[in-house]
Amino acid sequence: MKATKLTVLAVAAAAAMTLLARVAAAEDAAPAAIAPADAAEAEFTATTKCSWCHGPQGHSISPIYPALAGQKAWYIVEQLQLFKAQTRADPYARGMMWGMAAQLTDTQMAALADYFSKQTPFASEPAPFSSSSAAAGIAQGKSIYNDGVAATGVAPCSACHQADAGGSDQFPRLAGQHASYLLKQLRAFHSGTREQVVMNGIVGPLQEPDMKAVALFLESMH
Amino acid sequence: MGQFNRFQLNAWYQRCGALALVLFGLLCMQPAQALPLFARQTGMACLACHTVYPELTHFGRMFKLNGYQLDNGKDLQMITDEGKQILALPAVPNLALFVMVGDVQLAKPLPDSNIAGAKSLSNGGIELPQQLSLLYGGKIAPHFGAFAQVTYDFSADTFNIDNTDFRFANTVVLPDKRPFTYGVSINNNPTIEDPWNTTPAFGFPYVPPEVNVPSVASPIINAGTAYEVAGPVGYILWNEQFYAALGFYRHAQNGSNSPGNAITGEGGPVDSATSNVISGWNPYWRVAYEYDFDRYTAEVGTYGSQFKIFPGGGNALAGPTNNYTDVAEDFQVQFIGEKNTATLKGTFVRENQSLDATGPAGLGTSNASDWLTYLSTDFTYWYKRKYGFTEGYLSTKGSTDKLLYNGGCLTMPVTKCTSGGPYTSPNNPALAVGVVNSANGDPATNAWVTEAMYAPWLNLKIVLQYTHYTKFNGATSNYDGVGRNASDNDTTYLLMWFAL
Chain A
1 MKATKLTVLA VAAAAAMTLL ARVAAAEDAA PAAIAPADAA EAEFTATTKC SWCHGPQGHS
61 ISPIYPALAG QKAWYIVEQL QLFKAQTRAD PYARGMMWGM AAQLTDTQMA ALADYFSKQT
121 PFASEPAPFS SSSAAAGIAQ GKSIYNDGVA ATGVAPCSAC HQADAGGSDQ FPRLAGQHAS
181 YLLKQLRAFH SGTREQVVMN GIVGPLQEPD MKAVALFLES MH
Chain B
1 MGQFNRFQLN AWYQRCGALA LVLFGLLCMQ PAQALPLFAR QTGMACLACH TVYPELTHFG
61 RMFKLNGYQL DNGKDLQMIT DEGKQILALP AVPNLALFVM VGDVQLAKPL PDSNIAGAKS
121 LSNGGIELPQ QLSLLYGGKI APHFGAFAQV TYDFSADTFN IDNTDFRFAN TVVLPDKRPF
181 TYGVSINNNP TIEDPWNTTP AFGFPYVPPE VNVPSVASPI INAGTAYEVA GPVGYILWNE
241 QFYAALGFYR HAQNGSNSPG NAITGEGGPV DSATSNVISG WNPYWRVAYE YDFDRYTAEV
301 GTYGSQFKIF PGGGNALAGP TNNYTDVAED FQVQFIGEKN TATLKGTFVR ENQSLDATGP
361 AGLGTSNASD WLTYLSTDFT YWYKRKYGFT EGYLSTKGST DKLLYNGGCL TMPVTKCTSG
421 GPYTSPNNPA LAVGVVNSAN GDPATNAWVT EAMYAPWLNL KIVLQYTHYT KFNGATSNYD
481 GVGRNASDND TTYLLMWFAL
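So the protein sequences, as listed, match chains A and B. Start counting the first sequence at 1; every next residue gets the next number (the numbering used here). Start counting the second sequence at 1; every next residue gets the next number (the numbering used here).
Rather than coming from a laboratory, the hints here were simulated on the basis of the structure. Predicted model, so just to flag it, every value in this text is computed and none were measured. Check each hint, because a few of them may be wrong.
[What the hints assert, rightly or not] Every beta carbon over 12 Å from chain A, so not counted as near; a handful from chain B, in silico:
#1 D75
#2 Q105
#3 L132
#4 A146
#5 I192
#6 G260
#7 G268
#8 P269
#9 N485
[To be verified] Under the rule of at most 27 Å between Cα atoms (straight-line distance), these lysine-lysine pairs were calculated in the DSS-like manner:
#10 K74(B) x K84(A)
#11 K339(B) x K49(A)
#12 K177(B) x K118(A)
#13 K49(A) x K402(B)
#14 K177(B) x K72(A)
#15 K49(A) x K74(B)
For glycine and all other residues, C-beta sits at the position ideal for the given N, C-alpha and C.
Based on the sequences and whatever the hints tell you, model everything.
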């Protein structure tokens, strides 16, 4: 129990530091307006290249790939920078996005992020084989999302990602995202394949059924 | 077990040993730099474009139809004083080596081509390499890309022009925000411009099961004119879903089939010395629709061609032609999961042959017109893109034509068939060896193809293929009139292919 409390404290401290750093960075560099030419180029790239995986207007069809519509712009820029620097290393990041982001300039990243953030958020379809077990999973996921897991000291997700999971200036949007993409990322945080100190700490004690439940719940949020 | 069989077994062990050595060497290779040309250009792993080579994913189809343009490396560039770009060359040449190593066993050895009653010394044999291709692929300049292959053919011991596809492509965004791609592919193999794996150029079977014994008939669109024609194919793609293509092919002077012009000594134009000369421009068309949902992509389509061919080979290139009209339907359902990928696909071709040149003249065909149908369908499953299997069924049916299919003619279309009767050996014309003819003139051939596959790396695939014929060249038993049965041509084929 003592160890669990320490973990929670450490995670909270790390989260606070990340938050402060991000707020400071945001203050240093207020988002510059996207030039019309850059916005047009970004829309063209998104419609004719990104769409091959991320779907029309960022509404990805295959749940292997995340929906980008309505995602926070700062988060998209941050991830593109991580892909370009090859420091986000989960399998699909490595196999696909390292290449795709390799030649993107900061301006192009900002314009692409701006484009996707302005698209109507993904309205997830109900799972094609939804069942009572899926409904039970969603209920369990809702409980974990809102209240955490007291026994293992898992903090409630809503504390950072907001009650509606719509994201904020510090945390990414999760609502309506494909469950299988979210699960893949939760597993990557859990195993450390995707390094992110806050999420590695929070997801560490989560068990597979808990991760599935949270992913299903988030997918069901519109 | 007799002396002969023991010898065979020893030879088999030796071959297995040799293959095992090669295999071991390859498995010890470091994979870090072992990604082929498109991966180098895009900076992406093979799995972006392929489930497992050569089957394309949706991303791979888009990459191909956009002219192999995605370029995530640094270009060598040149601009004019006015700022206009006149060079955008990939810094690393997009070259790759593609190697196939095969070993083949027939259920029953072929007869000796010189001595009546004797059998061939070894049954099959290692082909190291069976095929070795040098490939250039990817971006040449903005909007202009290529996939070009020069291949070493073991059996002919020569380098030949293989699949070649130069294409221009551009994509615009329509007012309703949907993408629209248009392009032109200049290529040498009808259906190679197509991005699905249902059409013949990149369709099943990827590895030909008829390694040793070709069946007597196949529709002309099924690689019947590959590398002997060339032409432009224009295409459009709307919203990554609807695809339409129209092209025209004409005879291309290429390789041993076209000796060129005897008067000038140059490569062309060809004359009556050349066999099977394709007359004028011949149309090819294709329409397909892809619907993507969840982890699935589903495609239905149709394609076809019409080829007019002069028999040539001593006959003037004038007058009527043999006309081959092919119409085909195809479908593909692809599932790509985190660990499991599965594909079910198939195509059905109907060919009408109006044999105006050879039919009435009795020049190799008994009938004035013939027909053929060809069905190919297969299911492939991969676990973690590492362990896979395929079960496929191939079926050819057609009209009975004694002279065409029993006259010693090996390939379609045919120019010179001598007489009805089993195929006689080129080495000993008095010896009727059969094997490749149909005694009853019926081309029907049915085969089950089973493959077990192992891909230790994304760019190295080992395939063990077994082909079982339930019917071959029109019959189950004694199909050639010399006593060979369909199942005698059952083939066990061990193949390794890798790209680097």
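**Prompt:** Beyond 12 Å from every Cβ of chain A: is that where the Cβ of N485(B) lies?
**Reply:** Check passes; 47 Å lies beyond 12 Å.
**Asked** Taking 12 Å as the cut and beta carbons as the points, is I192(B) off the interface with chain A?
**Response** Fine: 21 Å to the nearest Cβ keeps I192(B) off the interface.
**Asked** Would the least Cβ to Cβ distance between G268(B) and chain A come out above 12 Å?
**Response** holds, 40 Å
**Message:** K177(B) and K118(A) were given as a pair; does the straight-line alpha-carbon distance stay at or below 27 Å?
**Reply:** Holds, at about 14 Å.
**Prompt:** When you look at the beta carbon of G260(B), is every beta carbon of chain A farther off than 12 Å?
**Reply:** holds, 44 Å
**Asked** Far enough from chain A: is every CB of that chain over 12 Å from the CB of A146(B)?
**Response** Since the minimum Cβ distance to chain A is about 20 Å, A146(B) lies beyond 12 Å and the statement holds.
**Prompt:** Does K339(B) pair with K49(A) here, judged by a C-alpha cut-off of 27 Å?
**Reply:** holds, 25 Å
**Message:** Need the status of pair K177(B), K72(A): alpha-carbon distance at most 27 Å?
**Reply:** With a Cα-Cα distance of about 22 Å, the restraint between K177(B) and K72(A) holds, given a limit of 27 Å.
**Prompt:** Going by Cβ atoms, does L132(B) stay more than 12 Å from chain A at every point?
**Reply:** Given a closest Cβ separation of 28 Å, the condition holds.
**Message:** Beyond 12 Å on every Cβ pair: is that true for P269(B) relative to chain A?
**Reply:** Correct as stated: the minimum Cβ-Cβ distance to chain A is 42 Å, above 12 Å.
**Item:** Status of D75(B), Cβ more than 12 Å from any chain A Cβ
**Value:** violated, 9 Å
**Item:** Status of the stated non-contact between Q105(B) and chain A (beta carbon gap over 12 Å)
**Value:** holds, 37 Å
Violated hints, listed in ascending order, are 1, 13; each of the other numbered hints is respected by the structure.
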